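Take these sequences, add in the hints, and give me the full structure.
Chains Z and Y, in that order, are what the protein sequence lines are.
As numbered in this note's numbering, residues 36 to 111 make up the first sequence, in order.
As numbered in this note's numbering, residues 699 to 957 make up the second sequence, in order.
Because the hints were derived from the structure by calculation, they are not lab data.
Remember, predicted model here, so these are calculated numbers, not experimental data.
We treat Cβ as the ideally placed atom computed from N, Cα and C, and that holds for glycine.
Among the hints, a few may not be true.
To be verified - Simulated crosslink set (DSS-like; lysine-lysine; CA at most 30 Å straight-line):
(1) Z:Lys38 <-> Y:Lys709
(2) Z:Lys108 <-> Y:Lys909
(3) Z:Lys70 <-> Y:Lys724
(4) Z:Lys38 <-> Y:Lys898
(5) Z:Lys70 <-> Y:Lys909
(6) Z:Lys70 <-> Y:Lys703
(7) Z:Lys108 <-> Y:Lys899
(8) Y:Lys717 <-> Y:Lys869
(9) Y:Lys903 <-> Z:Lys74
(10) Y:Lys952 <-> Y:Lys896
(11) Y:Lys703 <-> Z:Lys38
(12) Z:Lys108 <-> Y:Lys796
(13) Y:Lys724 <-> Y:Lys928
(14) Y:Lys717 <-> Z:Lys108
(15) Y:Lys869 <-> Z:Lys74
(16) Y:Lys796 <-> Z:Lys38
(17) Y:Lys713 <-> Z:Lys70
(18) Y:Lys724 <-> Y:Lys713
(19) Y:Lys903 <-> Y:Lys709
(20) Y:Lys903 <-> Y:Lys928
(21) Y:Lys717 <-> Z:Lys74
(22) Z:Lys108 <-> Y:Lys703
(23) Y:Lys909 <-> Y:Lys869
(24) Y:Lys909 <-> Z:Lys74
(25) Y:Lys898 <-> Y:Lys717
(26) Y:Lys899 <-> Y:Lys952
(27) Y:Lys898 <-> Z:Lys108
(28) Y:Lys899 <-> Y:Lys796
(29) Z:Lys38 <-> Y:Lys717
(30) Y:Lys936 <-> Y:Lys911
(31) Y:Lys899 <-> Z:Lys70
(32) Z:Lys108 <-> Y:Lys896
(33) Z:Lys70 <-> Y:Lys936
(34) Y:Lys709 <-> Z:Lys74
(35) Z:Lys74 <-> Y:Lys796
(36) Z:Lys38 <-> Y:Lys896
(37) Z:Lys70 <-> Y:Lys709
As the list claims (entries may be wrong) - Partial list, derived from the structure: chain Z residues whose beta carbon lies under 10 Å from chain Y:
(38) Cys50
(39) Lys70
(40) Tyr80
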Amino acid sequence: MAKVRGAVVVNIDRCKGCELCTAVCPTNVLAMHEKVNVKGYHYSYMANPEACTGCMNCATVCPDTVITVYRVKEPS
Amino acid sequence: MAELKLEDIIKEENKVFSKTPLFTDKPLSYCPGCGHGVAHRLVLEVIEEMNITDNVIGVAPVGCSVLSYEFMNIDMAEAAHGRATAMATGIKRVYPEKFVFTYQGDGDLAAIGTGETIHTCNRGENIVIIFINNGIYGMTGGQMAPTTIPAMKTSTSPYGRDTQMMGNPLKMTELVAQLDGTCFVARHAVHTPVLVRKTKKAIRKAFEYQKAKKGTAFVEIVSNCNSGWKLTPLQSIKWLEDNMLPYYNLGTLKEDPLD
Ligand SMILES: Cc1ncc(C[n+]2csc(CCOP(=O)(O)OP(=O)(O)O)c2C)c(N)n1
Ligand code: SF4
Ligand code: SF4
Ligand code: SF4
Chain Z
36 MAKVRGAVVV NIDRCKGCEL CTAVCPTNVL AMHEKVNVKG YHYSYMANPE ACTGCMNCAT
96 VCPDTVITVY RVKEPS
Chain Y
699 MAELKLEDII KEENKVFSKT PLFTDKPLSY CPGCGHGVAH RLVLEVIEEM NITDNVIGVA
759 PVGCSVLSYE FMNIDMAEAA HGRATAMATG IKRVYPEKFV FTYQGDGDLA AIGTGETIHT
819 CNRGENIVII FINNGIYGMT GGQMAPTTIP AMKTSTSPYG RDTQMMGNPL KMTELVAQLD
879 GTCFVARHAV HTPVLVRKTK KAIRKAFEYQ KAKKGTAFVE IVSNCNSGWK LTPLQSIKWL
939 EDNMLPYYNL GTLKEDPLD
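What follows is the structure, encoded as structure tokens:
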């Protein structure tokens, strides 16, 4: 069966570290980085990238629209 | 089978979500986690999808979203506190072929602007009103608003809103749904992916009503003000679900025929 794979790109310096994206990811891909961005916020990143399905939940709730989502069908 | 690498996925042709170009490049001035940002995005995405970018005029309020005209890359005007619907009335009457909307907080729309709001809706001005209800005056430091729910703590009701002394909350959306001038009235929220999608559909519908010249379309968005509520963004979402939503029920209150 073709598996769906996804990936997100976070615009690091525009992330405000609110953590809302991490709470809505059904596969626990996202976490807050231990490093901080130019504004001093811990930013969201893919801690578990293999699990991303590209469902867009994170981007849908991000108040600052800093997440871009990619999705592709992995041929079996 | 070779595993897909990240660089194989992150390619232009695989992009399924990105920021609408109708945002300017300015970082939003809102606190981390504030619902204003998602509400802005949905309005802009609807405008983009309806292909009315050059044919829309927004009216910004006074409140945290006072600078929304800096973030939305469309024609916008800035009204005095509470007067957005009055200004939108004038704009729409001068440019009846333009799509006109207001974007207002609850202090703006339901306190100082109550009169303008009710009369605009009662006249049935052919505009869209987007109403962000976070139960508080965010910009000025979290004072009690007419929309503050019973027992809710704010900087001016530190022991919780006592309705005996401070009066009852005002449900503007229920109120304007009674008026003959409104054609579409709904209450939504933007703190979960499902609710965000529903809110976007409602905003789209509101603009479709304007296109069909049906009267005033009113969409309330129950939102968080984590700073004013003195909670973290995630705590504010939980508080909204546990406290705001039982008081402000989500759903469509009025829906006239569209054709
Ligand atoms: C005529 C006038 N009165 C009072 C104020 C002060 N003031 C600025 S914003 C605001 C309340 C805004 O609250 P709300 O509309 O709920 O928006 P939020 O900041 O929560 O998004 C007030 C009272 C003002 N700017 N002008
Ligand atoms: S796209 Fe979906 S699966 Fe991927 S990180 Fe975002 S919420 Fe998680
Ligand atoms: S929701 Fe957006 S701003 Fe908040 S932590 Fe996630 S990426 Fe950053
Ligand atoms: S004060 Fe409240 S409404 Fe204003 S930006 Fe901050 S969280 Fe949002």
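Results for each hint:
Of the pairs offered as hints, the one joining Lys38 of chain Z and Lys709 of chain Y holds, with about 18 Å between alpha carbons and a cut-off of 30 Å not exceeded. As the CA atoms of Lys108 of chain Z and Lys909 of chain Y are separated by approximately 39 Å, the hinted pair breaks the 30 Å bound. Of the pairs offered as hints, the one joining Lys70 of chain Z and Lys724 of chain Y holds, with about 24 Å between alpha carbons and a cut-off of 30 Å not exceeded. For the suggested pair Lys38 of chain Z and Lys898 of chain Y, the alpha carbons sit about 29 Å apart, so the restraint of at most 30 Å is met.
The hinted pair formed by Lys70 of chain Z and Lys909 of chain Y fails the criterion: a straight-line CA distance of about 48 Å is larger than 30 Å. With a C-alpha separation of about 24 Å, the suggested pairing of Lys70 of chain Z with Lys703 of chain Y holds against the 30 Å cut-off. Restraint check for Lys108 of chain Z and Lys899 of chain Y: the C-alpha separation of about 28 Å stays at or below 30 Å, so the hint holds. Among the hinted pairs, Lys717 of chain Y with Lys869 of chain Y is inconsistent with the structure: their alpha-carbon atoms are about 33 Å apart, more than 30 Å.
For the suggested pair Lys903 of chain Y and Lys74 of chain Z, the alpha carbons sit about 38 Å apart, so the restraint of at most 30 Å is broken. The hinted pair formed by Lys952 of chain Y and Lys896 of chain Y meets the criterion: a straight-line CA distance of about 16 Å does not exceed 30 Å. For the hint linking Lys703 of chain Y to Lys38 of chain Z, the alpha-carbon distance of about 14 Å falls within 30 Å, and the restraint holds. Simply put, Lys108 of chain Z and Lys796 of chain Y have alpha-carbon atoms about 42 Å apart, too far for the 30 Å limit, and the pair is violated.
Between Lys724 of chain Y and Lys928 of chain Y, the direct Cα distance comes to roughly 26 Å. Compliance with the 30 Å bound is thereby established for this hinted pair. Distance hint between Lys717 of chain Y and Lys108 of chain Z is fulfilled; the C-alpha atoms sit about 23 Å from each other, no more than 30 Å. For the hint linking Lys869 of chain Y to Lys74 of chain Z, the alpha-carbon distance of about 38 Å lies beyond 30 Å, and the restraint is violated. Under the criterion of a C-alpha separation no larger than 30 Å, the hint pairing Lys796 of chain Y with Lys38 of chain Z is inconsistent with the structure, at around 46 Å.
A C-alpha spacing of about 27 Å is found between Lys713 of chain Y and Lys70 of chain Z, which places the hinted pair at or below 30 Å, so the restraint holds. A hinted pair counts as satisfied when its Cα atoms are at most 30 Å apart, and Lys724 of chain Y with Lys713 of chain Y qualifies at roughly 23 Å. Pair hint Lys903 of chain Y plus Lys709 of chain Y does not hold up; C-alpha atoms about 33 Å apart against a cutoff of 30 Å. Our distance criterion of 30 Å between C-alpha atoms is broken by Lys903 of chain Y and Lys928 of chain Y, whose separation comes to about 34 Å.
Taken as a hint, the Lys717 of chain Y and Lys74 of chain Z pair is honoured in the structure, with Cα atoms around 20 Å apart against an allowance of 30 Å. Using a Cα cut-off of 30 Å, the hinted pair Lys108 of chain Z and Lys703 of chain Y holds, with the two alpha carbons roughly 13 Å apart. Restraint check for Lys909 of chain Y and Lys869 of chain Y: the C-alpha separation of about 27 Å stays at or below 30 Å, so the hint holds. Straight-line distance between C-alpha atoms of Lys909 of chain Y and Lys74 of chain Z comes to about 42 Å, which puts the hinted pair past the 30 Å bound.
As the CA atoms of Lys898 of chain Y and Lys717 of chain Y are separated by approximately 15 Å, the hinted pair is consistent with the 30 Å bound. Taking the CA atoms of Lys899 of chain Y and Lys952 of chain Y, the gap is near 15 Å; set against the 30 Å cutoff, the hint holds. A hinted pair counts as satisfied when its Cα atoms are at most 30 Å apart, and Lys898 of chain Y with Lys108 of chain Z qualifies at roughly 27 Å. Note on Lys899 of chain Y and Lys796 of chain Y: the hinted pairing holds, with a Cα-Cα distance of about 21 Å set against a maximum of 30 Å.
Note on Lys38 of chain Z and Lys717 of chain Y: the hinted pairing holds, with a Cα-Cα distance of about 26 Å set against a maximum of 30 Å. Annotation: proposed proximity of Lys936 of chain Y to Lys911 of chain Y is violated, straight-line Cα distance about 38 Å (limit 30 Å). Under the criterion of a C-alpha separation no larger than 30 Å, the hint pairing Lys899 of chain Y with Lys70 of chain Z is inconsistent with the structure, at around 38 Å. At most 30 Å may separate the alpha-carbon atoms for a hinted pair to count; Lys108 of chain Z and Lys896 of chain Y meet this at roughly 27 Å.
Only pairs whose Cα atoms come within 30 Å are accepted, and Lys70 of chain Z paired with Lys936 of chain Y is accepted, the gap being roughly 27 Å. Taking the CA atoms of Lys709 of chain Y and Lys74 of chain Z, the gap is about 28 Å. The hint holds against a cut of 30 Å. In summary, the hint linking Lys74 of chain Z to Lys796 of chain Y is not supported, as the alpha carbons are separated by about 39 Å, beyond the 30 Å threshold. Taking the CA atoms of Lys38 of chain Z and Lys896 of chain Y, the gap is about 28 Å. The hint holds against a cut of 30 Å.
About 26 Å separates the Cα atoms of Lys70 of chain Z and Lys709 of chain Y, which keeps this hinted pair within 30 Å; it holds. Checking Cys50 of chain Z against chain Y: minimum C-beta separation of about 9 Å stays under 10 Å; hint holds. The beta carbon of Lys70 of chain Z comes no nearer than 17 Å to any beta carbon in chain Y, farther than 10 Å, and the hint placing it at the interface is violated. Because the beta carbon of Tyr80 of chain Z sits about 12 Å from the nearest beta carbon in chain Y, more than 10 Å, this interface hint is broken.
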